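Number of protein chains: 2
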Amino acid sequence: MKTYLDCYPCFVRQALEAARYAGASDRQQRQVLNQVLDLLRQTEDGLTPPEIGDRVHRVVRSITGIADPYRAEKDQSTREALALYPRLKALVSGSSANKALDTALRLSIAGNIIDLGPAPQYDLWTVVERVLAQPLTIDDRDALKNALASLSPEESLLFLADNAGETVFDRVLIETLNEIYGLRVTYAVKGGPSLNDATVEDARAAGLHKVATVIDNGADAPGTILAHSAQAGARCSPAFSRVFDAAPVILAKGQANYECLSDLERGVFFLLQSKCPIIARDLGVPLGSSTLAQL
Amino acid sequence: MKTYLDCYPCFVRQALEAARYAGASDRQQRQVLNQVLDLLRQTEDGLTPPEIGDRVHRVVRSITGIADPYRAEKDQSTREALALYPRLKALVSGSSANKALDTALRLSIAGNIIDLGPAPQYDLWTVVERVLAQPLTIDDRDALKNALASLSPEESLLFLADNAGETVFDRVLIETLNEIYGLRVTYAVKGGPSLNDATVEDARAAGLHKVATVIDNGADAPGTILAHSAQAGARCSPAFSRVFDAAPVILAKGQANYECLSDLERGVFFLLQSKCPIIARDLGVPLGSSTLAQL
Numbered sequence: 019m020k021t022y023l024d025c026y027p028c029f030v031r032q033a034l035e036a037a038r039y040a041g042a043s044d045r046q047q048r049q050v051l052n053q054v055l056d057l058l059r060q061t062e063d064g065l066t067p068p069e070i071g072d073r074v075h076r077v078v079r080s081i082t083g084i085a086d087p088y089r090a091e092k093d094q095s096t097r098e099a100l101a102l103y104p105r106l107k108a109l110v111s112g113s114s115a116n117k118a119l120d121t122a123l124r125l126s127i128a129g130n131i132i133d134l135g136p137a138p139q140y141d142l143w144t145v146v147e148r149v150l151a152q153p154l155t156i157d158d159r160d161a162l163k164n165a166l167a168s169l170s171p172e173e174s175l176l177f178l179a180d181n182a183g184e185t186v187f188d189r190v191l192i193e194t195l196n197e198i199y200g201l202r203v204t205y206a207v208k209g210g211p212s213l214n215d216a217t218v219e220d221a222r223a224a225g226l227h228k229v230a231t232v233i234d235n236g237a238d239a240p241g242t243i244l245a246h247s248a249q250a251g252a253r254c255s256p257a258f259s260r261v262f263d264a265a266p267v268i269l270a271k272g273q274a275n276y277e278c279l280s281d282l283e284r285g286v287f288f289l290l291q292s293k294c295p296i297i298a299r300d301l302g303v304p305l306g307s308s309t310l311a312q313l
Numbered sequence: 019m020k021t022y023l024d025c026y027p028c029f030v031r032q033a034l035e036a037a038r039y040a041g042a043s044d045r046q047q048r049q050v051l052n053q054v055l056d057l058l059r060q061t062e063d064g065l066t067p068p069e070i071g072d073r074v075h076r077v078v079r080s081i082t083g084i085a086d087p088y089r090a091e092k093d094q095s096t097r098e099a100l101a102l103y104p105r106l107k108a109l110v111s112g113s114s115a116n117k118a119l120d121t122a123l124r125l126s127i128a129g130n131i132i133d134l135g136p137a138p139q140y141d142l143w144t145v146v147e148r149v150l151a152q153p154l155t156i157d158d159r160d161a162l163k164n165a166l167a168s169l170s171p172e173e174s175l176l177f178l179a180d181n182a183g184e185t186v187f188d189r190v191l192i193e194t195l196n197e198i199y200g201l202r203v204t205y206a207v208k209g210g211p212s213l214n215d216a217t218v219e220d221a222r223a224a225g226l227h228k229v230a231t232v233i234d235n236g237a238d239a240p241g242t243i244l245a246h247s248a249q250a251g252a253r254c255s256p257a258f259s260r261v262f263d264a265a266p267v268i269l270a271k272g273q274a275n276y277e278c279l280s281d282l283e284r285g286v287f288f289l290l291q292s293k294c295p296i297i298a299r300d301l302g303v304p305l306g307s308s309t310l311a312q313l
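Sequence lines, in order, name chains Y and U.
Count along the first sequence from 1, add 18, and you get the number used in our numbering.
Count along the second sequence from 1, add 18, and you get the number used in our numbering.
Read the hints as simulated data drawn from the structure, not as lab findings.
Fair warning: this is a prediction, and the values are worked out from it, not measured in the lab.
Hints should not be assumed to be uniformly reliable.
Because identical chains share one entry, a pair is satisfied inside a single copy or across any pair of copies.
Listed below are the simulated DMTMM-like cross-link pairs for lysine to aspartate or glutamate, each with C-alpha atoms no more than 25 angstroms apart in a straight line [to be verified]:
1. Lys20 / Glu35
2. Lys20 / Asp44
3. Lys107 / Glu147
4. Lys293 / Glu35
5. Lys107 / Asp120
6. Lys117 / Asp281
In isolation and in its complexed conformation, chain Y is listed as follows (with noise of 0.2 angstroms):
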């Protein structure tokens, strides 16, 4: 996806929030907001939303020196994520054999919700409800089902994870896709902290390391920034691009994810919360709506 003109008051935003989030005292704040000023009249055109988010993102970072200023909210999303989990089980297991890949998938697209980018304010488990009894807006479970079906034993599932906490929900996932089709995923979360994207570290404190291979994308910045989708060049590494490159079916979780790859024609399968305006706008679905769109 393009980066929109409206997507500039957002960077902005996004950047104290980030600076406070980080503790930054009020120079410091200002001297963020002059930075990123300065960043945004520069950026030239072509960049995905996330790659200039990156570069927000680190400008906070290295005027407070703090490598990672979402730590407490990531750990606290990922403790409220845990304490759901048995919930979440409960919900699948109490969902008829048919059902039950189709609940998980909607429990994956509620801790979509678990993003500290667009919209800081919710209540998770209101938010479990409204996903479960919500029509997806964009429906391609049935391609989904069929591509799984479709991998051999050797084969395997690349999940492009999100954020810290909704980890919890993939695991739900993960555990029924495996009961289903005995699949194998690899989990790949971000090389290092931005905004509240789960790492390697937050992955293992959700368990994902049982269900899944963990495995990170070499880059400290949101979503999936691969070569041929910058014109400022990969932030995942060579490895990560080589793995996403032979893999077979894709699913990718979140806006960010969405940003980067929407325009791959891949035949990614991304699956989120529409919490953006500009986004739901792009993918032609009402805010606030749930997708599992192949694109």
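Mind docking chain U on chain Y? Use the hints.
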């Protein structure tokens, strides 16, 4: 009020919105964005938000070549408010004698929702009903009544107007003040178009010239930018500044006047709805509250 860092995302958003009101092409919108980012980067410390907003909206008018981007919206606001005028008058005349001024003050506050800067979405009559029912969070009505009662027949109330359409609600208040106090009112509007602020043309369209002496402040800028509130110098004319300095009682409508004049300690009565979270916090009231505060 000083400009908070949180005002900066809002300046960028307002610039894009104003450019679109002016019918700007994609290319012009990008030019507006770039020039506003430069401008924000270069603003000196100590300016109030309307002083920066003034520069932002001048960029929009300059790049688009549209002298009055909100012309159509202002006309529509005035028409909609005039259509409500008989109902507003009925509300005042239906009030008991000692409640008439209270009702008229609240209607003037209700009209302050007509503001295309911070909050483009509202239903006018719903707002009227809400503000009539809502307690004033800061309530300096007694001080205002005392000040008005102390005016000699030669003196007049200086009423600093805000937006087009809101003018009709102010007219109802001024007519009520006239009936109760036999008061003379000087109604000061903007010297030229800025946002959807009322000009002499807008005030006349709302019939203000029938109930008050309409003057303009000489500035095509939001709020009331006097020499003593700005490092960057006055935008209001010397003639208006003399009227301001000599005024025995000043009633200032809306957020921009608060932002410009709140630090004067001049005893100005501010009559507004707090539609912006930053202004609400500065004023010490909840968002969405109605206020009559003497400062």
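A quick look at each hint next to the structure:
no. : hint            : in the structure
1   : Lys20 / Glu35   : both (23 angstroms within a copy, 19 angstroms between copies)
2   : Lys20 / Asp44   : between (33 angstroms within a copy, 14 angstroms between copies)
3   : Lys107 / Glu147 : within (14 angstroms within a copy, 48 angstroms between copies)
4   : Lys293 / Glu35  : both (17 angstroms within a copy, 21 angstroms between copies)
5   : Lys107 / Asp120 : within (13 angstroms within a copy, 58 angstroms between copies)
6   : Lys117 / Asp281 : neither (31 angstroms within a copy, 63 angstroms between copies)
The structure is inconsistent with hint 6 alone, although it conforms to all the rest.
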